[in-house]
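With the hints as extra help, turn the sequences into a complete structure.
As given, the protein sequences belong to chains P and X, one line each in that order. With the UniProt record's numbering applied, the first sequence covers 1 to 568. With the UniProt record's numbering applied, the second sequence covers 1 to 556.
Please note that the accuracy of each hint is not assured.
Unchecked claim - What the simulated footprint calls covered on chain P by chain X, stretch by stretch (three residues with Cβ under 8 Å from a Cβ of chain X suffice, anywhere in the stretch; the number is not a length):
| hint | stretch |
| --- | --- |
| 1 | 220-230 |
| 2 | 271-277 |
| 3 | 343-355 |
To be clear, the hints were calculated from the coordinates, so they are not data collected in a lab. Where a beta carbon is used, it is the ideal one built from N, C-alpha and C, also for glycine.
Here is what each chain is made of, one letter per residue.
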Amino acid sequence: MMAIYRDFRPWLLLLVRRRRRFLLGALLVLITLLAGLALLGLSGWFITASALAGIALSLGLPARLDVYVPGGGIRFFALARTVARYVERLYNHNTVLTLLADLRYRVFGYLMRLDDARLHGERASDWLSRLTADIDTLDNFYLRLLVPPLVALLGVVAVSLFVAIWLPGVAVLIAVTLGLLWLMATLLAAAWGFSQSYQQVVDQQSLRRLVVDQVQASAELMSYQTTRWHRAMIASQEQQAFLNQRRLGRKAALINCLVSIITGLMVLAVVWFASLVFTKQLVTGPILVMATLIALGVNEAFIQLPTSFIKLGASYAAVRRLNALTDDSSPSVPAVPLPEGVGLSVQVDRLSLHYSQTLEPALNGIDLQLPAGKRAVITGNSGAGKSSLASVLMGRLKATQGEAMVGGVPVWQLSSESRANHFVMLTQQVDLFDASIAENLRIANPAASDAMLWQTLRAVALDRWVEQLPKGLATAVGEKGQQLSGGQGRRLALARLMLCNPQVVILDEPFAGVDASTAEHIAASLDKWLINRTVIFFVHQVSSLKLLPGVEYRWHLDTGKLSQCPII
Amino acid sequence: MVTEEALSLTPRSWLQALAKGERKRLLGAAFCGVLAGSQTIVVVVGLAWLIDQLVVHDQLPVTLLPIFSLLVGCVLLRAAFQWGHETLSLEASLLIRQRARVELLDKLSALGPVWLTSQHSGSLANQAVEHIDALEGYFARFYPQLRITLCLPLLILAVAGWLDYLVALFLLLSAPLIPLFMALVGMGAERLNRDQFVAVSRLSAHFIDRVRGMTTLQLFGRTSDAQQDVWYATDGYRRLSMRTLRLAFLSSAVLEFFSSVAIAVVAMYVGFGLLGYIEYGPSPSLTLFSGLAVLLLAPEFFQPLRTLSQHYHDRAAALGAAESVVNILNQPSLVSEHRYETPLSDRSAIELTAACVSYPSRGQVIGPIDLTVRRGEVVALSGASGSGKSTLLALLAGFIAPSAGEYRRQDSHFAWLDQQPCMLHGSLSDNLRLANPEASREEMVAALQGAGFGPLLAQLPEGLETLIGERGVGLSGGQAQRLALARIYLSNAPLVLLDEPTARLDQETEQSVLAALLELSQQGRTLVIATHHPAVIAAAQRHLTFEQGQLVEVIS
Chain P
1 MMAIYRDFRP
11 WLLLLVRRRR
21 RFLLGALLVL
31 ITLLAGLALL
41 GLSGWFITAS
51 ALAGIALSLG
61 LPARLDVYVP
71 GGGIRFFALA
81 RTVARYVERL
91 YNHNTVLTLL
101 ADLRYRVFGY
111 LMRLDDARLH
121 GERASDWLSR
131 LTADIDTLDN
141 FYLRLLVPPL
151 VALLGVVAVS
161 LFVAIWLPGV
171 AVLIAVTLGL
181 LWLMATLLAA
191 AWGFSQSYQQ
201 VVDQQSLRRL
211 VVDQVQASAE
221 LMSYQTTRWH
231 RAMIASQEQQ
241 AFLNQRRLGR
251 KAALINCLVS
261 IITGLMVLAV
271 VWFASLVFTK
281 QLVTGPILVM
291 ATLIALGVNE
301 AFIQLPTSFI
311 KLGASYAAVR
321 RLNALTDDSS
331 PSVPAVPLPE
341 GVGLSVQVDR
351 LSLHYSQTLE
361 PALNGIDLQL
371 PAGKRAVITG
381 NSGAGKSSLA
391 SVLMGRLKAT
401 QGEAMVGGVP
411 VWQLSSESRA
421 NHFVMLTQQV
431 DLFDASIAEN
441 LRIANPAASD
451 AMLWQTLRAV
461 ALDRWVEQLP
471 KGLATAVGEK
481 GQQLSGGQGR
491 RLALARLMLC
501 NPQVVILDEP
511 FAGVDASTAE
521 HIAASLDKWL
531 INRTVIFFVH
541 QVSSLKLLPG
551 VEYRWHLDTG
561 KLSQCPII
Chain X
1 MVTEEALSLT
11 PRSWLQALAK
21 GERKRLLGAA
31 FCGVLAGSQT
41 IVVVVGLAWL
51 IDQLVVHDQL
61 PVTLLPIFSL
71 LVGCVLLRAA
81 FQWGHETLSL
91 EASLLIRQRA
101 RVELLDKLSA
111 LGPVWLTSQH
121 SGSLANQAVE
131 HIDALEGYFA
141 RFYPQLRITL
151 CLPLLILAVA
161 GWLDYLVALF
171 LLLSAPLIPL
181 FMALVGMGAE
191 RLNRDQFVAV
201 SRLSAHFIDR
211 VRGMTTLQLF
221 GRTSDAQQDV
231 WYATDGYRRL
241 SMRTLRLAFL
251 SSAVLEFFSS
261 VAIAVVAMYV
271 GFGLLGYIEY
281 GPSPSLTLFS
291 GLAVLLLAPE
301 FFQPLRTLSQ
311 HYHDRAAALG
321 AAESVVNILN
331 QPSLVSEHRY
341 ETPLSDRSAI
351 ELTAACVSYP
361 SRGQVIGPID
371 LTVRRGEVVA
381 LSGASGSGKS
391 TLLALLAGFI
401 APSAGEYRRQ
411 DSHFAWLDQQ
421 PCMLHGSLSD
431 NLRLANPEAS
441 REEMVAALQG
451 AGFGPLLAQL
461 PEGLETLIGE
471 RGVGLSGGQA
481 QRLALARIYL
491 SNAPLVLLDE
501 PTARLDQETE
511 QSVLAALLEL
521 SQQGRTLVIA
531 THHPAVIAAA
541 QRHLTFEQGQ
551 LVEVIS
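Next up, the structure:
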């Protein structure tokens, strides 16, 4: 219990920050409910009073009934319910969207602090695909799990107090029955369905993995003719999920039945006990009818509760995933400043990096010295550890042993701002955002003028191409830069770097996907821009040193081991 | 080949076809729902009668005990029908989703590896899992409720007519309005839901776009700006959508209005009728019983419609999900569904006669090609990237059916290895069973040793049951390639097709993989290798290359 509460707590606190909105929203729902109950109860009272007055009149007895006040009341409550419902929906929707903005802001804030191992680890695609759904689950918390039970509880209190004016015994009956019903529809439903609704999310995840396997291994499955074997695995997983969902669905149906039975029997009990009071002439007929109809109408507040609460386990699964993603276990170290105004050397001593899940270290006893302002190339096949080494050099990954030093300072201890100000890196996987070319360039330097943008585009030989685009710099690059070819995307990312003024530059495969003549053009502009900067190129193979101007050092990386090579 | 029918699926027609498969359960669910609703009618009419007897006729509660117990029975019966309604629709929804998933996964198999590699496997998995599950609400709630909405109000109208025909007339007059309001609510809710769906998914895409590019944002020190951006985008969407919602929520307010007004109008009519102010039609014969009964029936008349409008978002979600699934179902299948004819000559492993490959979007890519590969031969296939060697290999593998000409091969399994071998989420043994589900542990160990995975296996405390990949031990590129080689050893497949098997390996691993491949050929297997690598080409017996779209044999 406590563990569950602890996991929910940070998110509930975020919701509580908007408590004024939250309480006002709940109040509006309560008004809608009470207006509906008042409409029904007053109508019943009015009809019964009319009937009794009509009978009296027909018997020639004196009877008086003011029809205007109840009539006005009926019209008022009919209108009030409509208006309150409309305002309530609008207001609460606004709250839900406000919370969504809050939640995304918060989660993004957590993600900002993740290092490369977490951002690009093998599980990355897994959490990324669930991220928005998990946030939405939390967002739904407000409208499904916080407001309805509060309103139901307040409704019970209001109804009991109102009925207690004339029928205290019946009021106690209503309060006790609905109080227990409330506990059943919220806490009991949540506890009863918890493990199954949690399991449902786990099952979904397993099924997802199997489908990913089927897609990724389709060539193997087809060639070895084992598709049927794998599909049988999917089918058995699905069957298991199916049984779990059926069990959960039946539990939900059962609780719904119980709610229906309890509310139905309660109305009959109210009539029974109220009529006992009525026969003693302690209460009038119209009041009896009013109490009955109010008891009949109040069940509306309970109908949705079990369905929402039985799925609490699924919300818990979402919360746990978000917590796992956002727990900040890395100790914060005091940021060390970089020496200003001097060139920065790069120095690595006996550095090793061991990912927790692999058998062999990704980097093994790396030694590397690069004086300030010099250029080096590190060659290596894919999987040799180039990206890991680049990440360690940029302070984006902490080495298991040893330390990468830049300008005599351990990079891991630099603040993220000073890293961003002094280092740039062209990553192997280029990130372009779903925005215009200009916006993608200005990520590097928001203050860059159009002229500067054009200058860097010229440096990577994209200027002609952008010029002939109808929208020019304002052309959208699409999600993940899909509107551009791989080579164009890379060149755009390279142009982006040239808007910065860093002291250390790491370029991972700067010429991948670029044809030879363009590569030479880019190499020439790079040569100029790289003057007085400390540079490391990471490439697959050195095809031509012409593409890597001014390189004075060369290393080769093979399965995590670095060895010095002569310059060809 | 692809049928026209399969290509013309629309989200609606697909949902209808799925519903047809579970027609009985869905109708049963709706029927139970109507029966539960009819019990509600009995309960409210019974309540009205009870009250009438107590208040007007001064009956003692004890004398009415039989009626009380009858109503208790009705309450229980209503719960039973509700149970039937919920469990039947649950079962139908589960079975439908299972069937839809099978249909989608079958289609993915039929589309084959060539199409699948151009797709994002995560988003395909989303469609097979989340999108199929998004159909739940439609079949479990919306679909039966729509049927209930068509029946239950008529039943209520009949009972109301028996009690007081003026009230029934009032409800009847609003009855033609119901389809109108349904359409109104439907259109309002549908447009709202569709717009919301589009806007929300665009917004989520914006968020995911920024999260995906986190590395770059960190590198440029722009994370805080992006965080602000995320908030402004969501908040901007909120302000925009509130404007449209102001209109859209009117449709639900209209329903609320109608059910409130129905109560109010009936209450006023009955009240004044009972007071004797109305001398028209059935009014003089109104009693507390009939008056109270029609008062309670009036909101019930609108209740099914209100429930339906609550479930409208289920429909929108299902349509949205169906759209993306149908997009895949409508893709023309690439994989040949026919069995291969056996080669004309006993000594051939593969025979191509004037075979061509064309893609629907790009026209003919390669061909016509004539080629015979004998059993036991090692054939290297080279050519610049994009020249067609991967396409030819896909044709040989059967990942694409020839658009013209003939392809004959022994219709048995073959082995496949490409530059990035696929690792399943599971144990080492699961990954080996991919090649041969019946393999014994001894065979697996032998295959691993043959592929040079032996030393690594010895290091793993859990041996064959070691989990690899996301939930277990990460393998390096070379280790993964050795595991894939072990699959080939395990499969005994006579034909081995390889697509750049050494492209991503370091030199040492490359040598040992090459040696292992040559050993395969010594076992008498036929190898066709697409490769750039001179050492591989040199080791092959035959060398074919693509020159200007033509396949030519290089005679050394």
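Cross-check of the supplied hints:
1. Coverage of the stretch 220-230 of chain P by chain X holds. Counting CB-CB distances below 8 Å, 10 residues qualify, and the rule asks for three or more.
2. Requiring three or more residues with a Cβ within less than 8 Å of a Cβ of chain X, the coverage given for the stretch 271-277 of chain P holds, as 4 such residues are present.
3. For the stretch 343-355 of chain P, the proposed coverage by chain X is not satisfied: 1 residues have a C-beta within less than 8 Å of a C-beta in that chain, short of the threshold of three.
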